[in-house]
Amino acid sequence: MNSIRTLSAALALALLVASPLLAATTKTSKFERALPLGMAGVLTVRTTTGSVEVVGVDEGGVRFTAIKTVTAFNTDKEKEKALLAEADRLVELREAVSADGRNALIHTLAPAMSGRGWRVDVRYVVWMPRTADLRVEVVKSQQIRVVNMIGNVSVKNFSGTIVLERVTGVANVESTNGGIVYMPQQRLGGNVTLKTVNGNIEAIVPDGIGFQWAAEALAGDVRSTIPGVRGRLSGPAFRGSVNAPGGPTLTTATVTGNVFLLRAGTQAAAARSLRETIPQAPVPPSQQQPAAATLAASRAGRRDMTQQFVQGRVDFATNIGDISISELRGDATLSTGAGEVRLGTVTGTCRVTSLGGPLELGDIFGLLDARTQAGDVTIQAARSGGSVQTGGGIIRLVYAGGPTSLSSAGGDIIVRQAASSVNAETRSGDISISVDPGAKTQRLGAKTAKGNVVLFLPPRFGADVDITVITTDANATHLIESSFGALSVQREQIAGGKTRLRASGKINGGGERLELFAEGGGVQIKTQPVPGR
Amino acid sequence: MADCSALRENLPMLLTESIDPARRELTHEHIESCEACTAEWLAYKETWNVLDELPEVEVPARVKQRFLAAVNPQAVVAPVVAPAPAEKADNVVPFTRKPAFKWVAQAAAVALLVGGSYFAGQRTATPEPAPMVAQQQELTPARINSVQEFSPVSMSLAETRVLDASTLSPNIEGRPDITNVKFVDADPSDDAIGVSFDITSRWTVKGSPNDKSMVRLLSYVLESEGQSSSPRSDAIDWVRQTYSDPQYSHPEIANALAKVLRTDDHEGARINAVDTLKTLPASSTQQTREALIEALKSDPNPAVRMKAVDALAKLAAAGERLDPAALDMLRQKAGQADENVYVRVKAAEALGNIRP
Numbered sequence: 001m002n003s004i005r006t007l008s009a010a011l012a013l014a015l016l017v018a019s020p021l022l023a024a025t026t027k028t029s030k031f032e033r034a035l036p037l038g039m040a041g042v043l044t045v046r047t048t049t050g051s052v053e054v055v056g057v058d059e060g061g062v063r064f065t066a067i068k069t070v071t072a073f074n075t076d077k078e079k080e081k082a083l084l085a086e087a088d089r090l091v092e093l094r095e096a097v098s099a100d101g102r103n104a105l106i107h108t109l110a111p112a113m114s115g116r117g118w119r120v121d122v123r124y125v126v127w128m129p130r131t132a133d134l135r136v137e138v139v140k141s142q143q144i145r146v147v148n149m150i151g152n153v154s155v156k157n158f159s160g161t162i163v164l165e166r167v168t169g170v171a172n173v174e175s176t177n178g179g180i181v182y183m184p185q186q187r188l189g190g191n192v193t194l195k196t197v198n199g200n201i202e203a204i205v206p207d208g209i210g211f212q213w214a215a216e217a218l219a220g221d222v223r224s225t226i227p228g229v230r231g232r233l234s235g236p237a238f239r240g241s242v243n244a245p246g247g248p249t250l251t252t253a254t255v256t257g258n259v260f261l262l263r264a265g266t267q268a269a270a271a272r273s274l275r276e277t278i279p280q281a282p283v284p285p286s287q288q289q290p291a292a293a294t295l296a297a298s299r300a301g302r303r304d305m306t307q308q309f310v311q312g313r314v315d316f317a318t319n320i321g322d323i324s325i326s327e328l329r330g331d332a333t334l335s336t337g338a339g340e341v342r343l344g345t346v347t348g349t350c351r352v353t354s355l356g357g358p359l360e361l362g363d364i365f366g367l368l369d370a371r372t373q374a375g376d377v378t379i380q381a382a383r384s385g386g387s388v389q390t391g392g393g394i395i396r397l398v399y400a401g402g403p404t405s406l407s408s409a410g411g412d413i414i415v416r417q418a419a420s421s422v423n424a425e426t427r428s429g430d431i432s433i434s435v436d437p438g439a440k441t442q443r444l445g446a447k448t449a450k451g452n453v454v455l456f457l458p459p460r461f462g463a464d465v466d467i468t469v470i471t472t473d474a475n476a477t478h479l480i481e482s483s484f485g486a487l488s489v490q491r492e493q494i495a496g497g498k499t500r501l502r503a504s505g506k507i508n509g510g511g512e513r514l515e516l517f518a519e520g521g522g523v524q525i526k527t528q529p530v531p532g533r
Numbered sequence: 001m002a003d004c005s006a007l008r009e010n011l012p013m014l015l016t017e018s019i020d021p022a023r024r025e026l027t028h029e030h031i032e033s034c035e036a037c038t039a040e041w042l043a044y045k046e047t048w049n050v051l052d053e054l055p056e057v058e059v060p061a062r063v064k065q066r067f068l069a070a071v072n073p074q075a076v077v078a079p080v081v082a083p084a085p086a087e088k089a090d091n092v093v094p095f096t097r098k099p100a101f102k103w104v105a106q107a108a109a110v111a112l113l114v115g116g117s118y119f120a121g122q123r124t125a126t127p128e129p130a131p132m133v134a135q136q137q138e139l140t141p142a143r144i145n146s147v148q149e150f151s152p153v154s155m156s157l158a159e160t161r162v163l164d165a166s167t168l169s170p171n172i173e174g175r176p177d178i179t180n181v182k183f184v185d186a187d188p189s190d191d192a193i194g195v196s197f198d199i200t201s202r203w204t205v206k207g208s209p210n211d212k213s214m215v216r217l218l219s220y221v222l223e224s225e226g227q228s229s230s231p232r233s234d235a236i237d238w239v240r241q242t243y244s245d246p247q248y249s250h251p252e253i254a255n256a257l258a259k260v261l262r263t264d265d266h267e268g269a270r271i272n273a274v275d276t277l278k279t280l281p282a283s284s285t286q287q288t289r290e291a292l293i294e295a296l297k298s299d300p301n302p303a304v305r306m307k308a309v310d311a312l313a314k315l316a317a318a319g320e321r322l323d324p325a326a327l328d329m330l331r332q333k334a335g336q337a338d339e340n341v342y343v344r345v346k347a348a349e350a351l352g353n354i355r356p
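Line by line, the protein sequences are chains A and B. Using the working numbering, the first residue of the first sequence is number 1, and each one after it goes up by one. Using the working numbering, the first residue of the second sequence is number 1, and each one after it goes up by one.
Heads up, none of these hints are tricks.
Here are the simulated DSS-like cross-link-like pairs (lysine-lysine), alpha carbons at most 30 Å apart as the crow flies:
#	chain 1	residue 1	chain 2	residue 2
1	A	K156	A	K30
2	B	K259	A	K498
3	B	K212	B	K259
4	A	K526	B	K182
5	B	K297	A	K450
6	B	K182	B	K278
7	A	K77	A	K30
8	A	K450	A	K506
9	A	K156	B	K314
10	A	K140	B	K297
11	B	K212	B	K278
12	A	K447	B	K259
13	A	K140	A	K156
14	B	K182	A	K506
15	B	K297	A	K447
16	A	K440	A	K526
17	B	K259	A	K450
18	A	K450	B	K278
19	B	K212	B	K182
20	A	K498	B	K182
21	B	K259	B	K182
22	A	K156	A	K27
23	B	K314	A	K140
24	A	K526	A	K447
25	B	K259	B	K297
26	A	K140	B	K278
27	B	K314	B	K297
28	B	K182	A	K447
29	A	K81	A	K27
30	A	K27	A	K140
31	B	K182	A	K450
32	A	K156	B	K297
33	A	K498	A	K526
No lab work stands behind these hints, which were simulated from the structure alone. Given the structure is predicted, the values throughout are model-derived calculations rather than measurements.
Could you put the whole structure together from the sequences, leaning on the hints where they help?
Structure follows, in structure tokens:
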């Protein structure tokens with residue numbers, strides 16, 4: 001009871017202190033204007049903030065009302081008044097009509113409001129010919145509503161909901177963070193495109209109308225209450241028809257939101273995922289996930305996995321999501337369509353696949369197979385070796401305890417301690433490999449099509465060395481450097497005006513093969529510094 | 001005396017035992033019969049022994065190249081086209097670093113004998129702020145290990161000329177070809193850093209990371225494309241370690257990284273550059289934003305695009321106002337069907353953090 005009292009007192013005090021800061025002065029102005037516009041004209045409504053409602057009517061000309069509300073904030077009432085006057089002066093409502101009467105513009109002129117100590121809100125209600133074309137552009141809207149139009153409609157905003165009601169002509173709607181609701185209430189009269197990045201899309205159509213439907217919800221789901229949806233799903237994208245093939249196309253796409261196609265009178269909650277009702281098209285090999293993981297991946301939307309400790313085998317896959325396991329005593333088969341994978345210790349074999357995202361792997365005791373189509377791969381230890389691939393990114397391997405193959409389609413490869421054979425290849429990037437100080441000889445390969453190869457070997461490391469460097473500098477002499485003697489260099493001109501330098505020989509009496517290739521860079525073989533010196 | 005001058009040319013090869021037996025015999029016979037050449041030979045051997053005592057340093061690549069070219073132009077300059085096995089012996093350059101160094105050392109030792117008095121006179125002069133490259137030869141050299149600048153020490157090949165960044169003009173004249181760049185932090189307890197490089201000889205510029213000349217030099221190193229003999233990413237990694245500390249943040253470093261991101265055809269370097277830009281406190285300049293947008297738009301490497309979108313997302317999350325071009329690019333990437341899904345999702349997440 002005491003704590004409640006204390007809390008209430010603190011709250012009251014906080015409100016008392018904050019009240020001057022919360023105070024604001026507001027001024028509201030109302031405008032009513034009319035513009036000439038033909039039945040086939042084009043009206044553009046452009047504003048930075050507020051709401052827009054456009055109603056199509058069966059008569060020529062445009063009428064609109066606008067309510068401008070400016071609000072100023074300052075603890076000093078005099079300053080606040082001055083700010084209010086400034087806001088009222090700077091925010092102007094303009095309208096214009098082209099000389100031929102075919103184009104009309106309603107426009108809010110306002111400077112950037114951030115940090116000025118005031119804000120403005122303009123609410124437009126516009127009546128226009130329903131057969132004319134309409135363009136609406138609002139940066140930050142509470143709502144944009146367009147009703148009863150058969151002309152072409154184009155709406156664009158950054159945030160705020162967009163509602164199209166009884167709009168049956170061609171429509172093109174784009175939002176960044178806003179949701180879109182489309183309710184034609186009769187058959188579609190033209191192609192309709194509804195796209196948003198971070199919002200949901202709801203299309204509510206009358207029962208029985210037919211049209212083509214293309215839908216994508218990259219990190220979300222595509223759902224419908226219409227039984228007559230037919231087509232193919234390819235990953236997150238659907239393409240097919242509703243009720244009957246042919247007719248105009250409804251395109252709906254969102255990245256992080258969901259798409260709902262609803263029969264009029266049904267609710268979104270009743271909609272079923274197309275993943276449950278539509279067969280999946282064959283997935284291209286480049287996007288295939290491990291078979292063991294396919295079932296889990298069939299679930300839509302973002303799905304992360306975070307585990308501190310797992311005993312036993314783990315098979316997990318997600319279309320979009322991060323995977324994090326601190327300790328896994330068993331084998332792992334993990335897959336994500338896009339996301340980060342972080343693993344601590346894995347005692348068994350470890351198979352990780354990502355179609356995009358970095359892999360951060362800890363101490364892997366079993367055989368490692370790690371692949372990402374894009375992103376860096378960092379591994380603390382591959383104790384049994386394995387294979388690591390990235391379609392672009394840096395590979396950093398601290399310890400290679402078994403034969404290891406590393407491949408990047410573009411990016412550096414760094415191995416800090418190679419206690420077993422290592423083969424590293426990159427299309428463009430430097431390769432740096434430090435061999436385990438205790439190693440006497442082991443097979444090493446490094447190939448970069450653009451970059452340098454640097455190898456750090458123990459002083460007594462024995463190897464049969466074969467180095468190739470391709471350069472455009474015909475006079476280059478410093479591209480192959482070795483702290484070990486007894487290598488001979490051969491030089492020859494090759495196609496494309498390039499020069500090939502080849503150095504070969506045995507170091508410390510010879511041993512396993514050491515094959516190094518660099519183009520557009522050089523090769524250095526250095527002795528490791530002796531600890532303690 | 002004509003015989004003497006001809007045979008004295010054999011002395012360096014005799015010293016390094018790289019002379020054929022017949023000439024070796026002939027040269028030895030001459031030395032034994034000629035007092036002047038005996039003295040010369042003994043001087044050579046003494047110099048040689050002294051050189052063996054000196055610590056070994058990396059020979060500047062260009063110096064090595066010039067020297068080898070002078071010694072054996074055919075071996076170095078003229079490329080050999082598909083050598084036949086019988087010709088192989090003539091076309092093979094012995095690949096041992098040390099003898100090459102010694103040859104250079106010998107030549108330099110001779111040069112030192114001749115020019116020593118001149119340098120000795122110059123070394124005692126106090127350096128004045130000067131254009132970094134054009135006048136640096138006139139500044140005082142010092143041993144690399146001592147890092148005690150401008151103290152008069154005996155000249156040797158084992159030294160690098162150490163300059164204090166604060167004594168240098170930040171203007172780099174022309175586009176000098178600096179190679180073999182190494183970064184030095186001799187004393188981690190102080191805030192001084194050092195950059196060592198070859199130009200006409202070995203130089204180390206030491207100073208505070210904030211020093212304008214140091215910033216200019218590092219920017220130049222980052223932008224320079226002439227570092228093919230050392231990993232490109234080393235410089236960027238080093239810049240990241242030093243300049244991610246907010247007290248050293250500098251927009252010029254960020255701009256240099258932006259240039260690497262835009263123009264370097266080495267994908268590893270571009271990945272490192274964009275990665276580093278994310279960590280630098282003063283990374284948000286017009287140039288860096290444009291470079292990030294450009295990278296996101298068209299870099300062929302998906303890792304670069306991923307990191308570019310991450311960097312833009314970080315700016316957006318920090319409340320940075322992104323211009324319309326950045327917003328358009330993020331929107332375009334979020335909706336681009338053939339873009340990597342991770343890039344699309346990250347672009348969408350970045351947009352979700354933006355409040356217009």
